[in-house]
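Listed below, chain by chain, are the residues.
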Amino acid sequence: MDLKTAENKLRVFLLDDMMKDEVEEASNDDQLDLDSLDQTELRVFLEEEFSVKGLGSENMDKPMTTIAEILAVIVGATDKVAESA
Amino acid sequence: MLERLPLTHDDLWDAARDNQIVDPDLLPETLRTCVEQGDEVADHYGGRTNFTFLNQKDTRILTLELSDSGVIQARDVINMSCGYGTGILGDKIAEIGQQLPNFLVQSTTTNDEFHSLERRQLVRNIKGMIGAHTATSPDSWEITFTSTGSEAMDLALQLACLDGFDLARGIDTRAEKDVIIACHGAWHGWSLGTNQMLDRRQFTDGLPRVQSVETAYLVYGDMDHLETLFETYKGRIRAVFVEGILGDGGIIPASDAWWDSLFEHAAAEDAKVFDDEILTGFRTGNILALPKGRVPDCISLGKALGFGLFPMSALAWRKDRLRLRAGIGVRTFNARPFQAATVNAGLDYIARHELIEHSARLGHFLLDGLKSVQAEHPEVFKEARGQGLFAGLELSKAFARKGHLVRNELVRHGVLTETESGLFNRKVPKEARINETIRLTPPLTIHEDTLTEAMSRISQCAKTLKSA
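First to last, the protein sequences are chains A and B. The numbering of the first sequence is my numbering, which starts it at 1 and goes up by one. The numbering of the second sequence is my numbering, which starts it at 1 and goes up by one.
What the hints contain is simulated information worked out from the structure, not anything from laboratory work. Check each hint, because a few of them may be wrong.
[Stated by the list, open to error] Listed below are the simulated DSBU-like cross-link pairs for lysine-lysine, each with C-alpha atoms no more than 30 Å apart in a straight line:
| # | chain 1 | residue 1 | chain 2 | residue 2 |
| --- | --- | --- | --- | --- |
| 1 | A | K9 | B | K397 |
| 2 | B | K127 | A | K20 |
| 3 | B | K402 | B | K466 |
| 4 | B | K382 | A | K20 |
| 5 | B | K371 | B | K466 |
| 6 | A | K20 | B | K466 |
| 7 | A | K20 | B | K292 |
| 8 | A | K53 | B | K430 |
| 9 | B | K402 | A | K53 |
| 10 | B | K92 | B | K127 |
| 11 | A | K62 | B | K402 |
| 12 | B | K371 | B | K92 |
| 13 | B | K292 | B | K371 |
| 14 | B | K463 | B | K397 |
| 15 | A | K62 | B | K427 |
| 16 | A | K53 | A | K4 |
| 17 | B | K371 | B | K463 |
| 18 | A | K9 | A | K20 |
| 19 | B | K382 | B | K427 |
| 20 | B | K463 | B | K402 |
| 21 | B | K371 | A | K20 |
| 22 | A | K62 | B | K397 |
| 23 | A | K9 | B | K402 |
| 24 | B | K92 | B | K292 |
| 25 | B | K57 | B | K92 |
| 26 | A | K4 | B | K430 |
| 27 | A | K53 | B | K427 |
Just so you know, these numbers come straight off a predicted model, no measurement behind them.
With the sequences and hints as input, model every part of the structure.
Set out below in structure tokens:
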């Protein structure tokens, strides 16, 4: 999956499933308001859609707050899948 | 120099009438500490409110709020919550209180293996109510008592899992029935057992799963989805767990036609139907929210059954459909004589004052009023739903996930409510999803004019939220 497709999928999730209206106008570097419950739902989404496993270990040590940060996690997971294939 | 006396409850009630700011130095020391630092219980919500409740009169609660800037404000709040809907008698519980000394003196403290007159009466009361609602003989039901709703539903799940299990031979004669159907957005409790029936991974991840059964999720009230799910798992469905009204998913009643279809499909599949009425029992203008004349295999009651005084739950099942394995129903508190006597007194109060009928009448008034409030403020509220004195105001898209913010603002405007999670699961079709919903569960003893005032305050709160 290319980065643009991943970004589109992520934005649809944030807008439609998490009701984050601010995402409509947000750039990839804008800070999003994601509380602990949001972070959990985001983690489940990344796991189910992008096979991202083990958030909080090597991928990140702090909550994700921007689209760019989330995309970096997706890219990291995708690369790993590609390497192991 | 005269020493200033600490403020009494009466002083604070006076202050609350005008939402006055209270001088912390005039509060009794322990109260001031409690307001400023909390009551020291662990933060199990992931963030606590700034409200401390002091006293209850009629349907009003005396409340102190600590603002972020450290100011303490007194408030007079209408109780439209009753603590998860449990305190159905409001402050009329005091009338039962007059009998409590006698109950204490007369009640024995024995284990649940021995009989008591008090529990006999309670069994008869509840079997009679269930029989009347389901149009069945009270004698066709078995009943046992547990403490919390979670405990009752955990026992219900055990009944489902052990249905057909031959203990002497160690064989599950219904082993092919390896699917349990639960509903998206349903809430059946916090135990490891009931956790198996939740569809939200924020509650289930990291906890073990029961290996012998798979849980499939139903969109509550959706006829087409019901048919699809029963077709998909044909021959494998062991049990269906369903709430009388979907509670945490957003106060969603189902149509009679859906219930009929559910019972038809379950009968054809030989799946047992477990009706969870922990939250809805006694609240919906009837004993159960389940439409009258329908007969599930098992019914749970809780919350209101303890009248907000203590945890008390009950599980009733049809003798010809389910069987309790010896030992599994044993509980330290299985309607002890003191509890049973107190609940009997509460049920007697409800009957004498015709509170079920009263709540059915007031329920129409409440729902009509809430629909008017919604129509007036569509920017804040999307829909009003409910049955009897069990109602919900679904939040609009702008406030879809801001339930706690709205709940707190409602307290500031003098109405205590609770927040339901709604239905955000990505596996649920978008058109079936539900935003967070404000739940209103006032005492059955509430008066029409108090409901009118509460709705006026909700409307005022909506104006504030819109202008913020």
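Each hint tested on the structure:
| no. | hint | in the structure |
| --- | --- | --- |
| 1 | K9(A) / K397(B) | 20 Å, holds |
| 2 | K127(B) / K20(A) | 49 Å, violated |
| 3 | K402(B) / K466(B) | 13 Å, holds |
| 4 | K382(B) / K20(A) | 17 Å, holds |
| 5 | K371(B) / K466(B) | 18 Å, holds |
| 6 | K20(A) / K466(B) | 18 Å, holds |
| 7 | K20(A) / K292(B) | 42 Å, violated |
| 8 | K53(A) / K430(B) | 26 Å, holds |
| 9 | K402(B) / K53(A) | 29 Å, holds |
| 10 | K92(B) / K127(B) | 25 Å, holds |
| 11 | K62(A) / K402(B) | 24 Å, holds |
| 12 | K371(B) / K92(B) | 29 Å, holds |
| 13 | K292(B) / K371(B) | 25 Å, holds |
| 14 | K463(B) / K397(B) | 16 Å, holds |
| 15 | K62(A) / K427(B) | 28 Å, holds |
| 16 | K53(A) / K4(A) | 21 Å, holds |
| 17 | K371(B) / K463(B) | 16 Å, holds |
| 18 | K9(A) / K20(A) | 14 Å, holds |
| 19 | K382(B) / K427(B) | 22 Å, holds |
| 20 | K463(B) / K402(B) | 16 Å, holds |
| 21 | K371(B) / K20(A) | 27 Å, holds |
| 22 | K62(A) / K397(B) | 29 Å, holds |
| 23 | K9(A) / K402(B) | 24 Å, holds |
| 24 | K92(B) / K292(B) | 28 Å, holds |
| 25 | K57(B) / K92(B) | 9 Å, holds |
| 26 | K4(A) / K430(B) | 24 Å, holds |
| 27 | K53(A) / K427(B) | 20 Å, holds |
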